[in-house]
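K.L.:
Build out the structure end to end from the sequences listed, making use of the hints.
Residue strings, one per chain:
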Amino acid sequence: MSLRIPSGMSRRHFLSHVSAGGAAALGATSFLSHLEAHAADVQKAQKACILIWLGGGAPTIDMWDLKPGSKNGGEFKPIATAGDRDLQICEHLPELAKVMDNMSVVRSMSTREADHNRGTYFMHTAYVPNPTVVHPTFGSVVSYELAPKRKELEIPAFISIGGGGMDPGFLGMAHAPFVVDAQGRIQNADMGSDLARLNQRLQMLEAVEDSFIRSNRGDIGKAHKEVYQKARELMTSEQMAAFRVEQERPEVRQAYGSTGFGNMLIMARRLVQTGVPFVEVRNPNGWDLHNDVFDSLRTTHLPQLDKGIAGLVNDLKAHGLFENTVVVCMGEFGRTPRINQNVGRDHWAQSWSVLIGGGGLAGGRAIGKTDADGIRIESDSYLPNDLWATVAHALRIPLDTVHQSKNGRPMRIANGGTPIKDLIS
Amino acid sequence: MTPRDREHFLTLLDALCDERLDEAGHAQLEERVATDGEARTLYIDYLLLHGCLHWDAVEGGAVALPGTLAALQDDSALSRPALPAPVASGRAPGRRRWAFAGVACALLAACALWLRNGEGPQQLAGPPEGRPEGANELEAPPGGDADDDSALPRVRLRDPAATGIASTTGDDPAPGPAVPRGDLVAFIDDRLAAAWTEAGVQPSPEAADSEWLRRVHLDLAGRIPDAATVEAFLQDKNPRKRAAVVERLLNEPTFATHFATVWSNLLVGRAPERDIDRDALVQFLRDQFHRNRPWSETVGELVAAEGADHENGAANFLLAHLNNEAVPATAVTFRILLCQQVQCSQCHVHPVVKDWGQEKFWQLNAFFQQTDVVEREGRDADGGSRMVRELVSRPVGDPSYYETLGGVMRVAWPKFEGQAIEEGPEVNRRRELARLMSSGDRPQLAAAFVNRLWAQLFGRGFTAPVDDMGPHNPPTHPEILDALTEEFVQSDYDIRALVRQLCSTRLYHLSSRIIPDNEADAPDRGERPLFARMYVKPLTAEQLFDSLLATTTADRSGVGSWSEVVERRKHWLSQFYSVLDNEENGETSTFDGSLPQALVMMNGELVQEAVSGRPGTYLNAVLSASVSETEKLRRLCLSTLSREPTPLELAAFRQAVRQATRMRGAAVQSATSESLADAYWAYLNSTEFLVNR
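Going line by line, the protein sequences match chains A and B.
Sequential numbering from 1 applies to the first sequence in my numbering.
Sequential numbering from 426 applies to the second sequence in my numbering.
These are computed hints drawn from the structure, not numbers from a lab.
Hints should not be assumed to be uniformly reliable.
Each computed SDA-like pair below joins lysine to any residue, with the alpha-carbon atoms no more than 20 Å apart [what the hints assert, rightly or not]: (1) A:LYS406 / B:ASP823; (2) A:LYS222 / B:ALA947; (3) A:LYS406 / B:PRO948; (4) A:LYS406 / B:LYS962; (5) A:LYS406 / B:ASP942.
P.N.:
Here it is in structure tokens:
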């Protein structure tokens, strides 16, 4: 493996060669535009997943599974949606209600882990934390499985907008999330010298790296090399334009609610359009609502979420991307049905809901059921394993895929979960 | 000369250097040199450079280095087969190249005299600076392998004078459960060795001086040594030089600064958004570490602090965490200071340790229910107004209220490890907590510090994760942890003594190189660590930044003052860290070896400045020194990786210079400067620079 030779000639390089060639290049240019047109078709058929993360743990009992009439019901009323009759959602999500024929709610998540770190880990990996192995976050799994099949993709296959911290685990740093801020600013991507010089430097670096790898101090050197290859590719790629949300027309931004969160979702759509198979968008609001849960939801959290996700669903559909793009919205757990003395809700993992749709999954459905007080599940219950198995199914990643941890243990994709039947039939 | 002519001419020169120029080529070359002044200059520059590079490439790796320098080149052993054999063995390629280099130099000397009227380059006057002429014939490298112990001055690892432990038992190993007073280091060595034997692994060989010196600087000063320090240490023949370095570093201000950095990160995190006077906290910690105050005292001051953020630095620990009914303060006190994870027991019984019920969490929480955070208008350093935050204890405290899973409300009063405190207007609960935390002969406070320090120095704690100690997670070497804890308490929490002891263990002097006999020691793969070698530790963000400053002297080249450097460091760190919005005041980082970090190293301002070669930078000083090109490369390598360049790196460098001359049409002088800057960039961007090996 060589650092300095790019894995594939990028389009820009190809073009610059072509234009340097002058007249002889005419034929090649038209061939290229044909290729490009074809590539656009191919990209529409490319599967992707957008995970909208509600960090802190959202009170799903106030959003997707309301309990009117119960002492746990809270201040909000349910409203009808464009989905099935029983798919009612919170009155403060009116825009989303209009597109709920495309999205479903799984109301019977039961996930055990009610600590932030453990819950975040479990919901991202489908494995409970274990000190002897670091499991990959699911975006890294998707990157590992799909990136090698997307030769034309020059930017990372797993991008996290406004977030970070999730680990690629035993799949290696090359599949770590590429974390960008909410504005999509990529710091330090400008190399400040020409490509020839960069190649010279990388050539020298290769000698230093080889010296270290030969000194036999573990595989940290190998990961480093892969990351540098990716960095080089990224720095010279025109696909970086996908991060430039300001290139969108103002109407588009309005359709997403003209909020920071809305812009993050636009970026996610642009990235999916470019061929990125997994994008995580971290909702900028804190959902750890131990206090004043209803005020926060009514004034900030829900209006932004409502316009943002509704805008995303409509926009993906307008671009013909929705049928190939799974949209998942969740946090690390739900919140207690009981309302505490500070008019807040605490951590609760036993019975809560996730919003999911797109990518060919069934829309408009309410799947699973909790009791009248939202405490017990009265149907089949689901784990993150099942949720990610559903996503893997939609992305056409075979469910019998097995990865190997560093100590040689076989790790089944989505921890051996089963796709949720009502979503795939 | 047209570019095409030039290209052709350089091809001829390349062929000449590679000894594959035919008769016709020679004739062409001769003709050009004789008729064209520009060609003549190019010819001289080019051959001079290649003469020197050949000279150094043949000599540098194997022969010309004095014994001690060859010894430090601990990576050369593996690459050695690729090198021409030392001259003594008389293998043809080596000699021919050598001879060629000599001839080239002689030829050039003559040319230069003729052309420049006596102003020939100084390099021609003799071998590169610092390499005594003829040394190569006299001294073959000793033994070759740098990891070979015989090539190194033996370090006495258990030196009572150096470790500060009064030895009563001499060198006799005294295994057994009871630790003989005063020979703790021997006890640790012995227990580790017993575990190796039991697991059927062998320890890695002793670390070469260069490896060890970089390590100890990163561990105790938080940054790498500069080139001069490395050179001096390698030349030093004193058999106790390692102990002397530990002693020197323990007493330098950088020790206190480094430990204050480590602990302020643990206590309040790195994310800049928090509403506290972080600098004042760092200042407080630095002062405590500098005066080597007992750890129990430092913790006591943190836990029992009163007063305003800028007046009492210690107050900032709790000012950062008293939000949300002091739940973060409770969780952080347990996790950071006691290495116990009880945050999940705020809602239910600990999933594994059934004794750790909800009351354990809330009884500690109750210690904080006598304290208010008061905000008032105050002045900042520039005289502007700002909100000052202050810790104020009330005469009487409240209990904590919590709810069981069954929905029953409970009340908790202050209690720590089963010990209640008196209630009354004279009782300050947090002072009582500070007292209780350090009482007993093996308080968890001491064990937690020992575990953290062990992990900090050896790459892995006795438990994984390091902050999850308890009956559910037994330590890997309980007897060592116990002995160190006991000693730490008996020494009245003497941090420097503890560091000194750990740095005197055999383990601290082992190489990080994996050998076939300890491949099984693989904590990376989830195995329990056996500590059969030094594990490679990734640098922290602060170690990396400070090391960048140390090698590049960017702190001296740019805007000068120390406070500006501190600001710059803060700004640099802020790109990696942000807070998480949850009740534990957690934070997230992209300083993890992934792309953003790589981009910072490849293109970030600091590295760009370092490789710019502008006046005041270290690179500038190296470039303008009148020494050979290889010596320049060597200095860059010493200043970044604390070692000699490997033969592989020398060869790549030579190749790069050639390419720069050929492909980019650069003048030879600027081509070498460019290649040196590139090599420097490569060293700074290497895995090896990013780790403490």
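K.L.:
All the hints need checking, so say for each whether the structure fits it.
P.N.:
Do the hints match the structure? See the list:
no. : hint                : in the structure
1   : A:LYS406 / B:ASP823 : 50 Å, violated
2   : A:LYS222 / B:ALA947 : 17 Å, holds
3   : A:LYS406 / B:PRO948 : 10 Å, holds
4   : A:LYS406 / B:LYS962 : 18 Å, holds
5   : A:LYS406 / B:ASP942 : 19 Å, holds
Hint compliance for this structure: hint 1 alone is broken.
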